[in-house]
Structure formats: structure tokens, C-alpha cells
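Novice: Sequence:
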Amino acid sequence: MAEFGDAHIDGAGLERGQSHDRDACAALVEKAELYADAEATLPDGHVGCDYFWITDDGDVVGFIAFRRELNDWLRMYGGHIGYSVRPSRRRQGIAGAALRLVLDRASEQGYDRVMLTCDDGNAGSYRTIESAGGELEAVIAGPDAPDERMRQYWIAL
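Number 88 in this note's numbering belongs to position 102 of the sequence shown; there are no gaps in the numbering.
Because the hints were derived from the structure by calculation, they are not lab data.
Just so it is clear, the structure is predicted and the values come from calculations on it, not from any experiment.
Cβ coordinates follow ideal geometry from the N, Cα and C atoms, glycine included.
Please note: incorrect hints may appear among the correct ones.
As the list claims (entries may be wrong) - SDA-like, lysine to any residue: derived pairs with alpha carbons at most 25 Å apart: (1) LYS17 <-> TRP39; (2) LYS17 <-> ALA(-12); (3) LYS17 <-> ARG54.
What the hints assert, rightly or not - What follows is a list of derived Cβ distance ranges for each label pair: (4) GLY44 <-> ALA131: 20 to 30 Å; (5) TYR97 <-> ASP23: 15 to 25 Å; (6) ASP7 <-> VAL125: 17 to 27 Å; (7) GLY44 <-> ILE126: 36 to 46 Å; (8) GLU94 <-> TRP140: 12 to 22 Å; (9) ALA124 <-> THR41: 28 to 38 Å; (10) ASP(-8) <-> ILE126: 22 to 32 Å; (11) ILE126 <-> ASP43: 33 to 43 Å; (12) TYR97 <-> GLU25: 13 to 23 Å; (13) LEU143 <-> ALA10: 25 to 35 Å; (14) ASP105 <-> ASP58: 11 to 21 Å; (15) GLU25 <-> GLU(-11): 33 to 43 Å.
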């Protein structure tokens, strides 16, 4: 977790500014169990989600989340799937492998397409999405600053 510093960790389920200690880890596991429960009552504006830790030989190297529906914010800025890989483990195909597994899961659950987004300047992420079949729908202003651009993609399953 320390490798990410103060940056938001896409796909982890952590809130901005949340600590990265043992208590935060326990809270994260509890949150993942709640959001995975299709019958659970979630906070307003939240959707059911499956959170996964991407591991390599027992080490957590990243996170990926599959949101089972899109609310208004996710339809614009978040999509169905979000992911992050530790900085020291990037450019090793980890995100692409994890994305393929989650796409398989989405297909098995009956989805015919899913949406993903990424920052326009994040070449690693948009190449990963495009390699998985992502079709660029639009480049839009980001949620926090109009000069920050985001790419919206759909992947047919």
C-alpha cells in the first residue's frame, strides 16, 4: 500500500485519505464482503461490487473491482471495472491478465458489454483496455477539473 503513496488506488475499495494500516485492511475485507452480497443494503449512491486482490506468489501486487451496475457517476467516470497495480510491478502484463479474468467473470454472469474509464494521459491503462477489446466511446472532462480528460471505453463480451 505504501508504494501508492497518497494517490487514490483504483479498484481497491479504499476511500481517499484512508490509512493503510492493519485496521484499514480489516475494514476493507469487511467492506468487500458487504458489497459482494447482492442482498445487502449499501450506502446511497453505491452499487454492488466484487473486489479482488491481484496476487503473485502470495504478494498483493494490485487490485481490481467489478461493479455490477452503473449509477450516474460510474456511467460517466468510473465504469464497471477499476484496477491498479503497484508502481514497482507495472509494465509486466499484470493489469491485462487481471482484466481478462474479470471480463470472463462478467461474461459468465450474463453481461454482454462493460464500461471502463481511465485518465487520458495514462497510456498504460488505455493500452491495457484497448488490448482487451476496448472501443473508445468518448474523451470527456474529468470530474474534478475540466482540463483533466478521461477516456470512456466499452468492451463487448
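Novice: When the structure is checked against the list of hints, which entries are broken? Sort them ascending.
Specialist: Hints 4 and 6 are the ones this structure does not satisfy, whereas the remaining hints hold.
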